[in-house]
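Engineer: What follows is each chain in one-letter form.
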Amino acid sequence: MAKKGDWVQVHNIVLTPEERSASLPEDTKKHPLEMWVKGWLQEDAELGDEVEIITRTGRHTTGKLVKEAPYFEHNFGVLVPEVLKIGDMVREITFGGNE
Amino acid sequence: MMDNSYSAIMARKNEIIRNSVGMDYTKFELPGIGFDYEAMMAATGYTLEELQRVQALFSVGNTPLIELKNLTTLARKCAKPGFGARIFIKDEATNPSGSFKARRSCTSVYQAKKQGYKGVVTATSGNYGAAVACHAAMAGLKCIVVQECYDSRGVGQPEIIEKARKCEALGAEVVQLTVGPELFSTVLRLIEETGYFNASLYTPFGIAGVETLGYEIAQQFRSKIGKDPDVVVCTNAGGGNLTGTARGLRKANCNAKVIGASVNLTGLHMASDEQFNKKSFTTGHTGFGVPFSVNPDRSDVPRSAARPLRYMDRYVTVTQGSVFFITETLASLEGLEKGPAGNTALAAAFRLAQDMPEDQCIVVQETEYTGAGKHINPQLSFARQNGIDIHFGDPKDEIPGKSIILPSHPSLIQVTDVDLDHVRRSNIKAQVGAHKDELTDADIRYLMEETNSSEEFVRGVVASL
Ligand SMILES: Cc1ncc(COP(=O)(O)O)c(C=O)c1O
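Protein sequences, first through last, are from chains L and E. In this text, residue positions in the first sequence follow the working numbering: the first is 1, and each later residue adds one. In this text, residue positions in the second sequence follow the working numbering: the first is 100, and each later residue adds one.
Careful: at least some of the hints might be erroneous.
Stretches of chain L that chain E covers, calculated by requiring three or more beta carbons in the stretch to come under 8 Å of a beta carbon on chain E [stated by the list, open to error]:
{"#": "1", "segment": "6-20"}
{"#": "2", "segment": "30-36"}
{"#": "3", "segment": "41-52"}
Only pairs whose alpha carbons sit at most 20 Å apart, straight line, appear in this in silico SDA-like list of lysine to any residue [what the hints assert, rightly or not]:
{"#": "4", "chain 1": "L", "residue 1": "K85", "chain 2": "E", "residue 2": "A430"}
{"#": "5", "chain 1": "E", "residue 1": "K168", "chain 2": "L", "residue 2": "K30"}
{"#": "6", "chain 1": "L", "residue 1": "K85", "chain 2": "E", "residue 2": "K377"}
{"#": "7", "chain 1": "L", "residue 1": "K38", "chain 2": "L", "residue 2": "H11"}
{"#": "8", "chain 1": "L", "residue 1": "K30", "chain 2": "E", "residue 2": "H368"}
{"#": "9", "chain 1": "E", "residue 1": "K377", "chain 2": "E", "residue 2": "S480"}
{"#": "10", "chain 1": "L", "residue 1": "K67", "chain 2": "E", "residue 2": "R252"}
{"#": "11", "chain 1": "E", "residue 1": "K217", "chain 2": "L", "residue 2": "K30"}
{"#": "12", "chain 1": "E", "residue 1": "K176", "chain 2": "L", "residue 2": "R91"}
{"#": "13", "chain 1": "L", "residue 1": "K85", "chain 2": "E", "residue 2": "C177"}
{"#": "14", "chain 1": "E", "residue 1": "K112", "chain 2": "L", "residue 2": "H11"}
{"#": "15", "chain 1": "L", "residue 1": "K85", "chain 2": "E", "residue 2": "K112"}
{"#": "16", "chain 1": "E", "residue 1": "K528", "chain 2": "E", "residue 2": "T539"}
{"#": "17", "chain 1": "L", "residue 1": "K85", "chain 2": "E", "residue 2": "E433"}
{"#": "18", "chain 1": "E", "residue 1": "K179", "chain 2": "E", "residue 2": "Q513"}
Since the hints were derived computationally from the structure, they do not count as laboratory data. Treat the numbers as computed from the prediction; the structure is a model and nothing was measured. Beta carbons are placed, not taken as given, at the ideal position from N, Cα and C, and that holds for glycine.
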């Protein structure tokens, strides 16, 4: 349950597959054009409810409540050992001896 | 109640744009197929000195020019004796918001403020969004950034998610969409709803803002090195980076060759949902670079101020693996940790330097900021999760969307020339359209300027259409 005044994310279908531009590749045309926006929730609501929010610019907009307290989780990824090997390689070629 | 269906919004396109960029494009149209490009650029009303002053208000510009001595040493180890030009980089990541796009956005935001708009809207998944958000914050304007961010599974490109974070951190509202060019209709609807300024990447304000970058390069070279650079390499996508830089070099009377460089993503469709997360670059690639050179007027304004074919002396591509390799090399040899996309031109310059004598100078005209999501490690990690085969080998075997081949030795980094005459022919064909039999001498002159080619060439192409 999200409370009025919570920071949330809402979702909308902007265009259904039928409404989409004619010039799309087939794999894209199968799907709707979807949109996500964040803002302050205007009424208490459950996930999945159609709700109204006010965004950072003060815009009133509506959509399906999909996330409460959304935050960023992107990071630096998992180990990619090749990256370390590149560093070692170019240091060796640049500064190493000519053995 | 407004009709907000896709077709109804697109039908109102011209009117919405006219109201939202504060510029009437129709007055630059010439009788035939052309338009007066220089008159459009002059219509900003700003001289280069005034642009520098506006940028100084936002603390943009005067970025360091750094000589990459260790990278030059490495290039010389890969080159014939006596070859290996001195490599320099312009550290544009030191602009507020972290890229050269700061030069492009601050003039737009300044203009929006001056004309009394309450906010700005921009369509971009890239550094430009961060730049607009940054300057809107400084100017006390509201800001909406519209991004193409997710595929149909809801998986976002890490680099684009990082840009969303940065825009939000700077106070912007970020509207995120799934893959598809209809993003444009969402932008138009938001502009109509809010009455905000359309801070398009492609207005004369934006492109004129990049002229200061080319101008600074010439000045810094003259004062630090005592001569002009021989070659300037620009990472090329929509063409504004190269266009503005080249115009600035010319305004400084600098005759350096201007070379465009893009990451080779041949074979990947830019509007494809399935291929969206198979690319490891979201800008600086051929998916934008080639079509925007062929037809610059595919952007969100009636006439784009970014017209790279007018200024490109040469256009080369490099592989994704080569750009990742050079990005790590920049960190390991020069202590400069930067975002990969901006290093596209660096990978090209590393190879191009090897064909130039040691006393010549080659400049990479930008760097971009780096951070979570927008860094060689998360981007390679994401690619591997998406089934891309990453291994050491010969970059020439790389297949975009299938593999990323990290050069097993720096001497394997190569550039591939794009056939510019072919691009010129396609450009002429696109602009002539159905008007072949009505072309006047003025139209031919316009096409010569557009494609930077001779009358004979243009007439030959027209005759073959
Ligand atoms: C860091 C960086 N370099 C180069 C480019 C390419 O600029 P343009 O689209 O003007 O060719 C971009 C734009 O997306 C960028 O963000």
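Engineer: Does each hint fit the structure? Answer for all of them.
Structural biologist: Against the structure, the hints come out as follows:
With 4 residues carrying a beta carbon less than 8 Å from a beta carbon of chain E, the segment 6-20 of chain L meets the three-residue requirement, and the given coverage holds. By the rule of at least three residues with a Cβ nearer than 8 Å to a Cβ of chain E, the coverage given for the segment 30-36 of chain L holds, with 7 such residues. Check on the segment 41-52 of chain L: 0 of its residues sit with their Cβ under 8 Å from a Cβ of chain E, so the three-residue criterion for coverage is violated. Under the criterion of a C-alpha separation no larger than 20 Å, the hint pairing K85/L with A430/E is consistent with the structure, at around 13 Å.
Straight-line distance between C-alpha atoms of K168/E and K30/L comes to about 52 Å, which puts the hinted pair past the 20 Å bound. With a C-alpha separation of about 24 Å, the suggested pair K85/L and K377/E falls outside the 20 Å cut-off, and the hint is violated. A threshold of 20 Å between alpha carbons decides the hint, and for K38/L with H11/L the separation of about 9 Å falls inside it, so the pair holds. Under the criterion of a C-alpha separation no larger than 20 Å, the hint pairing K30/L with H368/E is consistent with the structure, at around 16 Å.
Distance check on the hinted pair: K377/E and S480/E sit about 12 Å apart at the alpha-carbon level, within 20 Å; holds. For the hint linking K67/L to R252/E, the alpha-carbon distance of about 16 Å falls within 20 Å, and the restraint holds. With a CA separation close to 38 Å, the supplied pair K217/E and K30/L exceeds the 20 Å bound. Of the pairs offered as hints, the one joining K176/E and R91/L holds, with about 12 Å between alpha carbons and a cut-off of 20 Å not exceeded.
At most 20 Å may separate the alpha-carbon atoms for a hinted pair to count; K85/L and C177/E meet this at roughly 19 Å. Proposed proximity of K112/E and H11/L is contradicted: the alpha carbons are some 25 Å apart, above 20 Å. Straight-line distance between C-alpha atoms of K85/L and K112/E comes to about 51 Å, which puts the hinted pair past the 20 Å bound. For the proposed pair K528/E and T539/E, the alpha carbon gap of about 15 Å is at most 20 Å, so the pair holds.
For the hint linking K85/L to E433/E, the alpha-carbon distance of about 16 Å falls within 20 Å, and the restraint holds. Restraint check for K179/E and Q513/E: the C-alpha separation of about 15 Å stays at or below 20 Å, so the hint holds.
Checked against the numbered hints given earlier, the structure breaks hints 3, 5, 6, 11, 14, 15 and satisfies all the rest.
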